[in-house]
Amino acid sequence: MKTHNSFIKVRYAETDQMGVVHHGNYPQYLEIARLEWLNDLGVSYKTMEENGIFLPVYTIGITYKKSAQFDDVLKVVVSLRNLPTVRIIFDYKIYNQHNELLTTAHTELIFMDAAKNRPIRCPAYILDKLQD
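Following the numbering used here, the numbering of the sequence shown begins with 860 at its first residue and continues without gaps.
Simulated from the structure, these hints should not be mistaken for laboratory data.
Ideal placement from N, C-alpha and C gives every residue a C-beta, glycine not left out.
Wrong hints could be hidden among the right ones.
DSS-like, lysine-lysine: derived pairs with alpha carbons at most 27 Å apart [to be verified]:
no.: 1; residue 1: Lys-975; residue 2: Lys-952
no.: 2; residue 1: Lys-934; residue 2: Lys-924
no.: 3; residue 1: Lys-924; residue 2: Lys-975
no.: 4; residue 1: Lys-905; residue 2: Lys-925
no.: 5; residue 1: Lys-868; residue 2: Lys-952
no.: 6; residue 1: Lys-975; residue 2: Lys-861
no.: 7; residue 1: Lys-861; residue 2: Lys-905
no.: 8; residue 1: Lys-934; residue 2: Lys-975
no.: 9; residue 1: Lys-934; residue 2: Lys-952
no.: 10; residue 1: Lys-925; residue 2: Lys-988
no.: 11; residue 1: Lys-975; residue 2: Lys-868
no.: 12; residue 1: Lys-868; residue 2: Lys-924
no.: 13; residue 1: Lys-924; residue 2: Lys-905
no.: 14; residue 1: Lys-868; residue 2: Lys-934
no.: 15; residue 1: Lys-988; residue 2: Lys-934
no.: 16; residue 1: Lys-924; residue 2: Lys-988
no.: 17; residue 1: Lys-975; residue 2: Lys-905
no.: 18; residue 1: Lys-861; residue 2: Lys-934
no.: 19; residue 1: Lys-925; residue 2: Lys-952
no.: 20; residue 1: Lys-861; residue 2: Lys-988
no.: 21; residue 1: Lys-925; residue 2: Lys-975
no.: 22; residue 1: Lys-934; residue 2: Lys-905
Label-pair distances were calculated between CB atoms; the ranges are [said to hold, decoys possible]:
no.: 23; residue 1: Ser-926; residue 2: Ala-983; range: 23 to 29 Å
no.: 24; residue 1: Val-902; residue 2: Arg-870; range: 24 to 30 Å
no.: 25; residue 1: Pro-915; residue 2: Asn-941; range: 15 to 21 Å
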């Protein structure tokens, strides 16, 4: 499946007194990578929402293998696990600038009709872009 690399520099505010990234920042890193993946695919999250489709996170799993530090440049590799249906599942690997694997993660999101607040199937235009 299609993958995308995002690069994020760890800011001081994201760390604790020891210079270690606080665990609560990782979901934001995943979101940045996921939105860049969609954008790279040619899908604007903003346009999707304007067209009445929301994509809330249903599950998230993160395994911390090694600490990210202040001033690290993180490479977040995001990939699609399989073709989406009502659900879309992303897998992530986060590396530091020394190419050490720091974190693995996954997120599962659900396509939602904003007006009806009900799950829907993945829009055809996204599936078409995935099959190019």
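We went through each hint and held it up to the structure:
1. Straight-line distance between C-alpha atoms of Lys-975 and Lys-952 comes to about 34 Å, which puts the hinted pair past the 27 Å bound.
2. Note on Lys-934 and Lys-924: the hinted pairing holds, with a Cα-Cα distance of about 15 Å set against a maximum of 27 Å.
3. At roughly 40 Å between alpha-carbon atoms, Lys-924 and Lys-975 are farther apart than 27 Å, so this suggested pair is violated.
4. With a C-alpha separation of about 34 Å, the suggested pair Lys-905 and Lys-925 falls outside the 27 Å cut-off, and the hint is violated.
5. For a cut-off of 27 Å, the pair hint linking Lys-868 to Lys-952 stands: about 15 Å separates their Cα positions.
6. As the CA atoms of Lys-975 and Lys-861 are separated by approximately 30 Å, the hinted pair breaks the 27 Å bound.
7. At most 27 Å may separate the alpha-carbon atoms for a hinted pair to count; Lys-861 and Lys-905 meet this at roughly 21 Å.
8. This hinted pair does not check out: Lys-934 and Lys-975 have alpha carbons roughly 37 Å apart, beyond 27 Å.
9. For the suggested pair Lys-934 and Lys-952, the alpha carbons sit about 8 Å apart, so the restraint of at most 27 Å is met.
10. A threshold of 27 Å between alpha carbons decides the hint, and for Lys-925 with Lys-988 the separation of about 35 Å lies outside it, so the pair is violated.
11. For a cut-off of 27 Å, the pair hint linking Lys-975 to Lys-868 is broken: about 39 Å separates their Cα positions.
12. Using a Cα cut-off of 27 Å, the hinted pair Lys-868 and Lys-924 holds, with the two alpha carbons roughly 19 Å apart.
13. Between the alpha carbons of Lys-924 and Lys-905 the distance comes to roughly 33 Å, so the proposed pair goes past 27 Å and is violated.
14. Annotation: proposed proximity of Lys-868 to Lys-934 holds, straight-line Cα distance about 9 Å (limit 27 Å).
15. For the suggested pair Lys-988 and Lys-934, the alpha carbons sit about 24 Å apart, so the restraint of at most 27 Å is met.
16. For the suggested pair Lys-924 and Lys-988, the alpha carbons sit about 34 Å apart, so the restraint of at most 27 Å is broken.
17. Simply put, Lys-975 and Lys-905 have alpha-carbon atoms about 19 Å apart, close enough for the 27 Å limit, and the pair holds.
18. Of the pairs offered as hints, the one joining Lys-861 and Lys-934 holds, with about 16 Å between alpha carbons and a cut-off of 27 Å not exceeded.
19. Straight-line distance between C-alpha atoms of Lys-925 and Lys-952 comes to about 12 Å, which keeps the hinted pair within the 27 Å bound.
20. As the CA atoms of Lys-861 and Lys-988 are separated by approximately 10 Å, the hinted pair is consistent with the 27 Å bound.
21. A distance of roughly 42 Å separates the Cα atoms of Lys-925 and Lys-975; the hinted pair therefore is violated under the 27 Å criterion.
22. A threshold of 27 Å between alpha carbons decides the hint, and for Lys-934 with Lys-905 the separation of about 24 Å falls inside it, so the pair holds.
23. Under the hint 23 to 29 Å, the C-beta atoms of Ser-926 and Ala-983, about 42 Å apart, miss the expected range.
24. Taking 24 to 30 Å as the suggested C-beta distance range, the pair Val-902 and Arg-870 conforms, at roughly 27 Å.
25. Taking the beta carbon of each, Pro-915 and Asn-941 are about 19 Å apart, inside 15 to 21 Å as hinted.
Of the hints listed earlier, those the structure fails to meet are numbers 1, 3, 4, 6, 8, 10, 11, 13, 16, 21 and 23, in rising order.
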